[in-house]
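Peer 1: Respectively, the protein sequence lines represent chains D and V. One point on numbering: in the working numbering, the residue at position 65 of the first sequence is 65, and numbering is uninterrupted. One point on numbering: in the working numbering, the residue at position 169 of the second sequence is 169, and numbering is uninterrupted.
Some clues are possibly wrong.
[Stated by the list, open to error] Some chain V residues near chain D, calculated using beta-carbon distances under 8 Å: (1) P97; (2) L102; (3) V143; (4) S156; (5) R164; (6) G168; (7) C171; (8) T234; (9) P242; (10) N245; (11) L255.
[Stated by the list, open to error] Not close to chain V: a few residues of chain D, all C-beta gaps over 12 Å, as computed: (12) F64; (13) A69; (14) K72; (15) G79.
[Stated by the list, open to error] Residues on chain V that point at chain D, a partial pick, calculated with CB under 10 Å: (16) G98; (17) I99; (18) G101; (19) A147; (20) I152; (21) L179; (22) A186; (23) R233; (24) S241; (25) N252.
Hints were generated in silico from the structure; no laboratory data involved. Please read all numbers here as calculations on a predicted model, not as lab measurements. Just so you know, even glycine gets a beta-carbon here, dropped at the ideal spot from N, CA and C.
Below, each chain spelled out in residue letters.
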Amino acid sequence: MTVSMFILFGLVAGLLLLLGWALHIPGKLAKSGVPPDALDEVAGDHVNFLPQIRQALAKADFDFLRERAPEKVQQRVRGERRGVALAYLAAVRGDFHSLLRMARVIAVLSPEVAALQEFERLRLTAKFNWQYQLIRWKLLAGFATLPHLDGLSNLVSALSVRMEAAMKELGERAALAAELASSVNRRGLDVV
Amino acid sequence: MGGLVQSVQWAWGISAGISAVVLGLLFFQRYFRNLPMFTAFVAANVCQWGLLYVIYLQFGIGSRTSLVLAWISEACILLLRTLAAMEVLHRVLGPYPGIWGLGWRVLAVAFLVVLSYAAIEAGQNISAAIGLADRGFHLAFAVALVACLLMIRYYSIPVDPPYRALLGGFCVYSCTVVLANTIARALFLRGFANIKPIWQFTMVATYAGVQGAWAVGLWKAAPAMQVRPTLLRTSVYRQISPQINERLRLLNGQLSKFWGAKAARQ
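Based on the provided sequences and hints, a complete structural model is requested.
Peer 2: Quick look at the structure:
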């Protein structure tokens, strides 16, 4: 009885917290559902800098320093490299979320949505965030060697190419909708 | 009124008054056109207050007849409440047919899963079946509503403040019913004799508060214009969505390798 009561109380407290969070919608979103910049952002911007990042993290450079530079300089370089790796990881995450935002906009504006696709995306997002945090904390703690970032680039950037057609259509339709709304407003009619 | 303590009577009167105000606002601010089912629910509530008043005067609050009639009226109100909440959700998600299609499925699954569990629990304890079923219903209702609201938040769908107040009120009231029923039952089983008036007061006062929030939310006139977004072709979603998922899956795979490679090196 007591245990089930505590479980129930916890459940209700969790529900109320989630309710508060769900109902507190940021002001920007409260007025217009689709963020105005959602269609402007193109996923894959940051991963375009991968060659420079790889250069900065090249093992040969570090070997060279190890032979010729004092320990203090090596430490400083190691710290800077870690900072670069962290910044890059954060940027890749930004690209990941940019893709997600785009996926959400497409889902919202679609007449039909496949539940499996949406739940799969939710699962992937949770997995990505979990892995991202693990790697990030490990890098921050200095347990990890500097990562090989090969292959991350194409994964995000290639999609932006494929999505151009969809984005073009989104842009055209958004412009059409805006034009329609403004012309209706001028006539003082309701759009339903 | 037969058997009700003074504070409960006061709360009862105030709550009935606020119900009438909410009903008035629904008509004066022209919400009844957009929310006919919700209007019917509030009207039924006002009628229920009156009906129960007459029943308790006639038969006394502790009589079996009063109990049966009260629960029958409550069952009708629960049905109307469910329909009213669905209607509000439809007002919010209606302009987005894809998300509405997903939303009502989430709502139905969440509701049925929790309700089935509650029905099993109530079935095992016949003496308290009605109370447990009532609690289970409210729990299922709150879970389903929160699941839908989380989905609305996830997709950044705008919710007009009046609808936000209505949905929040439904959920807060259901959560309070779950807590109050649980605590009251536990105390009753431990022989706490005076729990009934406290439970009644809690229920009535909470509902009065919820209705107060509804009245504040409905104070402004109903939005006259509902702009429907221009929808994409279905083929765009079918084409792009699997590609995005595939890309995200690969990206996750890369992160796994990234993690695995480092772990191996250590």
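Peer 1: A separate judgement is required for each hint: does it hold in the structure or not?
Peer 2: Here is how each hint holds up against the structure:
no.	hint	verdict
1	P97	holds (5 Å)
2	L102	holds (5 Å)
3	V143	holds (7 Å)
4	S156	holds (5 Å)
5	R164	holds (6 Å)
6	G168	holds (5 Å)
7	C171	holds (5 Å)
8	T234	holds (5 Å)
9	P242	holds (7 Å)
10	N245	holds (5 Å)
11	L255	holds (4 Å)
12	F64	holds (21 Å)
13	A69	holds (23 Å)
14	K72	holds (25 Å)
15	G79	holds (18 Å)
16	G98	holds (4 Å)
17	I99	holds (6 Å)
18	G101	holds (6 Å)
19	A147	holds (9 Å)
20	I152	holds (7 Å)
21	L179	holds (6 Å)
22	A186	holds (6 Å)
23	R233	holds (8 Å)
24	S241	holds (5 Å)
25	N252	holds (5 Å)
Violation of the numbered hints given earlier is absent; every hint is satisfied by the structure.
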